[in-house]
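Chemist: Spelled out, the chains give:
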Amino acid sequence: MSMAKAENGPPHLAFDRVEVYYSALVAGLKGVSLSIERGEFVFLCGQTGSGKSTLLKLITREVRETKGQVSLLGRDLGQLPDREIPYLRRQMGIVPQDYGLLPNKKVWENVAYAMRAVNRSKREVRAKVPQILEQVNIMHRADAFPYELSGGEQQRVAIARALINDPPLLIADEPTGNLDPTHSAEIMALLSRLNEQGTTIIVATHDIPIVQRLQQRVVELEFGTIVGDTAAGETWSPNISSAEYTTFEEKETDYQFDGEEFEIYLEEPSPEAAAEETGEPTHEEETPRA
Amino acid sequence: MLDRIEFLLSEAFVSLGRNKWMTFAAVTTCAMALLLLGGLGFAYMKIDQFAQSLPSKFEISVFFRDKVPADDAKRVVAETLKMQGVDSVRFLPKDVQWEVLKKEQPELTQGIPNPLPDSMRIRLKDLAAAPNVAKELAKKPEIGGENVKYLAKEQELLTTALGAVRLLGLALGGLMLITSGVLIYNAIRLTVVARRREHRIMHLVGANQATIALPLLLEGFVQGLLGGLIAFFAFWGSFAVVRALMISTLQVGGTEVFPITSSLFGFVAAGGVYGLICSLLAVRGKTLKGAIG
Ligand SMILES: Nc1ncnc2c1ncn2[C@@H]1O[C@H](COP(=O)(O)OP(=O)(O)OP(=O)(O)O)[C@@H](O)[C@H]1O
Ligand SMILES: [Mg+2]
Chain A
1 MSMAKAENGP PHLAFDRVEV YYSALVAGLK GVSLSIERGE FVFLCGQTGS GKSTLLKLIT
61 REVRETKGQV SLLGRDLGQL PDREIPYLRR QMGIVPQDYG LLPNKKVWEN VAYAMRAVNR
121 SKREVRAKVP QILEQVNIMH RADAFPYELS GGEQQRVAIA RALINDPPLL IADEPTGNLD
181 PTHSAEIMAL LSRLNEQGTT IIVATHDIPI VQRLQQRVVE LEFGTIVGDT AAGETWSPNI
241 SSAEYTTFEE KETDYQFDGE EFEIYLEEPS PEAAAEETGE PTHEEETPRA
Chain B
1 MLDRIEFLLS EAFVSLGRNK WMTFAAVTTC AMALLLLGGL GFAYMKIDQF AQSLPSKFEI
61 SVFFRDKVPA DDAKRVVAET LKMQGVDSVR FLPKDVQWEV LKKEQPELTQ GIPNPLPDSM
121 RIRLKDLAAA PNVAKELAKK PEIGGENVKY LAKEQELLTT ALGAVRLLGL ALGGLMLITS
181 GVLIYNAIRL TVVARRREHR IMHLVGANQA TIALPLLLEG FVQGLLGGLI AFFAFWGSFA
241 VVRALMISTL QVGGTEVFPI TSSLFGFVAA GGVYGLICSL LAVRGKTLKG AIG
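Protein sequences appear in the order of chains A and B. For the first sequence, counting from 1, position 253 maps to 253 in this note's numbering; every step adds exactly one. For the second sequence, counting from 1, position 132 maps to 132 in this note's numbering; every step adds exactly one.
Hints are computed from structural coordinates only; laboratory data are not their basis. Don't take every hint at face value.
Stated by the list, open to error - Keeping only pairs whose Cα atoms sit at most 27 Å apart, straight-line, the calculated DSS-like set for lysine-lysine is:
(1) B:Lys125 with B:Lys67
(2) B:Lys67 with B:Lys139
(3) B:Lys139 with A:Lys105
(4) B:Lys102 with B:Lys74
(5) A:Lys30 with A:Lys67
(6) B:Lys139 with A:Lys106
As the list claims (entries may be wrong) - Only part of the chain A face toward chain B is listed, based on derived beta-carbon distances under 7 Å:
(7) Pro86
(8) Ala117
(9) Gly198
Remember, predicted model here, so these are calculated numbers, not experimental data. A virtual CB, placed ideally from N, CA and C, is assigned to each residue, including glycine.
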């Protein structure tokens, strides 16, 4: 189904000699050419600072290329006027690394709120929210607050929210970054299922075991360039030693607000949430649902 | 459409509720500013109207000394007419006035000789000429300084009072207006901070700029609007009090009608527009660029 689509029309995403310079000396990407077909599942791998997030931000138009061209379904994103960005983002689901759940809203409210924000009627919300929650297998926790959920459950809510626009493209930056292997496997199973239903999936990750097990396409970045592109079905092993992938501290990616410091207003995460995130015991088996 | 409006409103009211004290401070200072500027502006207008009506009423009364021959009195009248700033002169012979008085108060005037002097009423074209005219008349042997009466002192006082009211109103009102502006601006900025998570989600899922900005503008607008409403009621109240005072102490102003519609509209519109301007300044450029990652 997904591969059939790829035969006609422009690729879902095309990067043509893309360079991103954050300043004269700081490069995010240094000449990346890459084509992603509709229905593909692509892992972006690479050390910290290799440019994975930069590549994803080009797709969401958080960042604009300094040189080269990025196109989505043949449309040059660099030429897109700012006021079109909201409509661009409705064509994709974005799963942020920190989940980005609203702590004072229940699971279903988190999804409902996002739908209301894109002008969906209450009626549509009532019909669609349960459907999406079922889809990511979190319906039984619909009335829970985020701090009552495990990291994996929170991640599923974040994915649920990314599905509100029925996006043909799903982008996830380190979706398993904070999860133990069991929950990581669950999330990957969910993403695989969405991919089987035709959604193009792009995942930036450091999680080598997961990447190796899924046997999807792997694009490997280093210092802002592509150093490896392994097709789906082939066994991938990192170009760089795997130690380099794993021995780093997750950097804080909290919301930057125009460079102003608002840290003093930030609410502390509740102790429950903190406790749950640091690995709650799970009794479920590693059962990727296909 | 209605659904969308409901969402925007609920977003705005969540913030109004969250910043209760901030909202309260912003609304009350805004109300005070509007009351000062609007209420004192209204008072100034009324006093000014009153002052404007004075010059036509404004007259110099002059009493002749006893036993001034009629011919001399007539000569003085003629001379007065030629003075600068004089509009008209009316000569009032003592006999004529006495007859009038006898008719009005028969008991009081019965059986006594006419105590009234001859007099004249001078109407001025130009108020500023009053001191000069009075001085000239006082020099005349037929009249004498103590027999010239005019309202220069009262007029001066009124002018000073008007100036003071205007100055006070502008200074205090301006200060309050700036304060309330800062408070509204701050309330919106606090909201922007408090709701950065929600705004991020909105950016993330592709919400329009308007969906993010409108609740913020609405918040400032509602604060100004509430301020205007409170100012209106306070104005209504003080109007009633001042009117009651004027009727009981000065026996004037009983006919004044409170301009309900125009003042309600004026205060609320001024407050709303002001709140909107403050929130526009607070929002400008702030919600437009939000990182989502
Ligand atoms: N907003 C920014 N301003 C300046 N430099 C930036 C910015 N974002 C990223 N960079 C730089 O661009 C390079 C690529 O960063 P990027 O975030 O894309 O890497 P990454 O592969 O996602 O790393 P990680 O695995 O740690 O998330 C890094 O050198 C980084 O310091
Ligand atoms: Mg990154």
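Chemist: Of the hints given before, which are not true for this structure?
Modeler: 1, 3, 6, 9
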